[in-house]
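A.B. asks: In this text, residue positions in the sequence shown follow UniProt numbering: the first is 1, and each later residue adds one.
Treat the hints loosely; a few may be bogus.
Pairwise CB distance ranges, derived in the manner of DEER restraints [as the list claims (entries may be wrong)]: (1) VAL169 / ALA69: 26 to 36 Å; (2) ASP172 / ALA69: 41 to 51 Å; (3) ARG173 / GLY250: 14 to 24 Å.
Rather than coming from a laboratory, the hints here were simulated on the basis of the structure. Glycine is no exception: its CB is placed at the ideal position from the N, C-alpha and C atoms.
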Amino acid sequence: MTVPSPGPATAPPTRPAPAARPDDATRANPDGRAGVLARGAEFVGAVFALPVHVTYAVLWVAAFEAASADGGWRPTGGTGLRAATVLALLFYLRLVDERKDEAYDRVHNPDRPLVTGVVTAVELRRAGRLVIAVVVVANLLHAPWSAAATVAFFGYAAALTPLERRFPVLRDRPLVNIAVVYPVQLLIGVYLLVSAGAHGVRQWVLVLVFALAFLHFEFARKTRWGAAPGSRSYSATALGPVGSALVALGCAVAACGLAAGSGAPWPSVALVFPVAAASAFLGRRVTVWPKPAAMLFLIVFDAALIVAGLVG
1 MTVPSPGPAT APPTRPAPAA RPDDATRANP DGRAGVLARG AEFVGAVFAL PVHVTYAVLW
61 VAAFEAASAD GGWRPTGGTG LRAATVLALL FYLRLVDERK DEAYDRVHNP DRPLVTGVVT
121 AVELRRAGRL VIAVVVVANL LHAPWSAAAT VAFFGYAAAL TPLERRFPVL RDRPLVNIAV
181 VYPVQLLIGV YLLVSAGAHG VRQWVLVLVF ALAFLHFEFA RKTRWGAAPG SRSYSATALG
241 PVGSALVALG CAVAACGLAA GSGAPWPSVA LVFPVAAASA FLGRRVTVWP KPAAMLFLIV
301 FDAALIVAGL VG
């Protein structure tokens with residue numbers, strides 16, 4: 001007797017595969033276009049807070065133009081180009097810093113994107129070349145001298161990495177480092193001066209005014225009690241916490257004094273923030289210089305110049 005055939009077997013119902021998440025392709029191929037863009041966005045989010053830097057770039061450019069004018073200032077298309085350029089220059093500095101600080105960050109900041117592998121040094125170099133190309137071409141179309149000013153900036157900024165590797169003292173001593181690195185801020189001011197076509201004594205003084213205003217922020221954010229020896233805090237240098245605080249306060253006072261001397265007294269109202277911060281810090285009521293106070297100083301300082309230029 002033959003056993004009857006059971007016929008074709010019926011497969012049990014299958015559960016539908018889970019829908020792929022949007023980032024699955026990125027994780028599977030981090031070097032694909034989507035992966036590169038995602039990692040680039042992660043890098044920007046980690047080291048270059050866009051809202052802060054956009055605000056800073058716009059305020060800086062608008063304040064410089066408003067203070068350079070004799071009243072009745074209004075933004076133009078050139079204002080937009082200069083603000084976008086300053087933002088790109090600041091981002092380029094971040095790309096340079098990420099590479100030249102890699103050895104330090106591996107010890108003191110192990111969560112940095114280059115250290116963790118979010119981006120590679122090659123990708124940072126490529127991004128830097130792209131920034132250079134876009135900025136130079138955009139400014140060349142506006143005015144040749146504007147492009148020349150950006151080339152000077154990029155050349156100096158790019159030279160910082162080999163210089164610090166060749167001479168470690170430039171990297172390891174904060175006061176020496178700021179003396180070598182800070183001219184990039186002056187070069188951004190020179191770019192604004194050249195691009196806006198403002199070459200008078202007053203405009204050159206304004207370049208120094210904005211350099212001092214930001215130098216206040218630079219010292220303030222690295223001023224603290226009990227800074228560890230070898231750290232990149234200015235309080236860990238020969239200045240000590242008190243000296244670092246006095247330099248921060250002095251830069252703010254000097255910026256406002258120069259601005260007033262060039263016919264712009266309104267920014268002096270911003271001094272309330274560094275004075276209050278210095279009082280709190282030197283009185284030991286806080287262990288670090290309050291960073292919000294330093295940021296508010298810059299915002300109010302620039303805003304006062306803009307308002308004066310609009311209504312003057």
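A.B. asks: Work down the list of hints and note, for each, if the structure agrees.
C.D. replies: Hints versus structure:
Separated by about 43 Å at the C-beta atoms, VAL169 and ALA69 break the suggested range of 26 to 36 Å. The hinted range of 41 to 51 Å is satisfied by ASP172 and ALA69, whose Cβ atoms lie roughly 43 Å apart. With their beta carbons about 20 Å apart, ARG173 and GLY250 fall inside the hinted range of 14 to 24 Å.
Hint 1 from the earlier list is the only one contradicted by this structure; the remaining hints agree with it.
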